[in-house]
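Protein chains: 2
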Amino acid sequence: MSPFELTILGCSSATPTSTRNPTAQLLQVAGRFFLIDCGEATQIQLRKYKVKFQRIDHIFISHLHGDHYLGLMGLLSSMHLLGRTKALWLYCPAGMEEIINVQLKHSATVLNYEINYRFHDSSKQELIFEDEKVLVKTIILNHRIPCCGFLFSEKPKPRNLKKDAIESYKIPPSAIPAIKQGQDFIAPDHSRIPNSELAFPETQTHSYAYCSDTCYDEHVIEQVKGVDLLYHESTFTEEMKQRAIETNHSTAQDAGNVALKAKVGVLLLGHYSARYTDLSPLLEEARRVFPNSHLSYEGMRFDVEKKSAELA
Amino acid sequence: MSPFELTILGCSSATPTSTRNPTAQLLQVAGRFFLIDCGEATQIQLRKYKVKFQRIDHIFISHLHGDHYLGLMGLLSSMHLLGRTKALWLYCPAGMEEIINVQLKHSATVLNYEINYRFHDSSKQELIFEDEKVLVKTIILNHRIPCCGFLFSEKPKPRNLKKDAIESYKIPPSAIPAIKQGQDFIAPDHSRIPNSELAFPETQTHSYAYCSDTCYDEHVIEQVKGVDLLYHESTFTEEMKQRAIETNHSTAQDAGNVALKAKVGVLLLGHYSARYTDLSPLLEEARRVFPNSHLSYEGMRFDVEKKSAELA
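Protein sequence lines correspond, in order, to chains A and B. Each number in our numbering corresponds to the 1-based position in the first sequence with 406 added. Each number in our numbering corresponds to the 1-based position in the second sequence with 406 added.
These are computed hints drawn from the structure, not numbers from a lab. One thing to keep in mind: the hints can contain errors.
As the list claims (entries may be wrong) - Calculated cross-link-like contacts (lysine to aspartate or glutamate; reagent style EDC-like; alpha-carbon spacing at most 20 Å):
1. A:K511 <-> B:D684
2. A:K454 <-> B:D709
3. A:K456 <-> A:D709
4. B:K511 <-> A:D709
Stated by the list, open to error - Covered stretches of chain B, as calculated for chain A (at least 3 residues, CB under 8 Å):
5. 472–480
6. 633–640
Claimed, not checked - Simulated coverage check for chain B against chain A, where a stretch passes if three residues somewhere in it have a Cβ under 8 Å from a Cβ of chain A:
7. 457–463
8. 484–496
9. 500–507
10. 587–593
Cβ coordinates follow ideal geometry from the N, Cα and C atoms, glycine included.
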């Protein structure tokens, strides 16, 4: 079965450190590879963690601060040089297209594949991606420039059939799709066979909310209500609250409060200021509010179904 | 004494590998820190090799292919965030300014320091930097888009005085600068004291020529004649000659031929295609033509005076 799995490629804030790269994450859902933000050197991180980056067809850029997109041009270029021809979808602020096109122009490069742009409207939550298995919505964040997070949700999965019962009740093939969706079967004689006799219970679906750069904002809570996994930036500890306010960032306590009030399953912290070598004060601060908080770190692979992490 | 020393920060061609970053080099001359090209993740490499990057006041960009400049925006941004206020000089193709300004605009950033641009004219060799100790000229290369290399030369150094002789001959202070420049002293009675009695011989000066991306071109030879150290790209071996021609790159043999014909001291190879895991075929090919050829590698620190390398 395909995992619902998040790999952390970078967890630093604006100035990277010798051990922490700027923000980038890879989310695998139902066999799809979603790249979320693309800080400088993301292509190097993808290689390091052995991600086949030509499998990435959808890239989500939260905002146009360099620590969230400066690796994009290099990745697009390597995709091109390594022979990509299939289209790529880019969910980003409108300015991204100008930044890319200016650079293609000066390097006299015409990409061998198409980029399909889908620009955010950072003023309202929108459905920006949908296929048969996955939905992606924006999350309106509150930062110094327009900035969106992303909410990734699996759609309800078809129920697995109880084959013996299907046979013994002689269920016609035309009725199967409705049974997989959870409906009872109404026989020609109007008798009702409950779905639970014909199919196994619905498999659980999962969700992940990514909140890149934002100050503490109660509007975020509504948008990430009840997700299995929430990543919420925690650039500072409360000691640096004033700096957090000035720069439109959050403290670890802020992140814990969002997680608590939104009743999420697990909270992942990240986007750490370069001033912190030891990250445990951030973790402790978040855990005082929301015990199921964890530090993200480079190479962390978080299995959202099992709610457990391992090193990639 | 300040070294004349080159540090290799990246030696890959367009697509980086898990062990090789795209092109960037740091040249230290007479206490000046010159950054030469700035591929993606250069700021991370500078940290890795413990270079204080606020000491860099002059950045030289050879051309606008991403593997030579994509790390610049991140470096400029980190310089800003870490409090830089002193001006920076940027020697680059004119398009660089547009690329930087578009990104500053979309991130709503005003840098706290000034960037002074000096655009190359890639059609003729020019003096682009001069101070009391160092000269930098462009080198006209032959690539798919306008591209310049750079020739760094120390100016002749003042001779050290033989203090006892200066005293015993009662040389007046006004005559000292000329003696340091190597002139004889003409006494009031018109007698001549040869410079060799008053000063030690001239200290040797050094030079470094950087040829980033170019096909084999005889015009390069004239421009790098007799340098102590030549870096010349060697993307391919002769087996891939056709590909080298198509992409306007050089083979290791081409690099060896330039070194041989220009009678340089030492040749450094670099800008290796990602196809080569083992680089020894490139080295062997260059050495067949020019025996004093060496592979550049990340973290290599090459002392141009001693003509020897060590790991940074």
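Hint numbers contradicted by this structure = Violated hints (numbers, rising): 1, 2, 4, 6, 7 and 10; every other hint is consistent with the structure.
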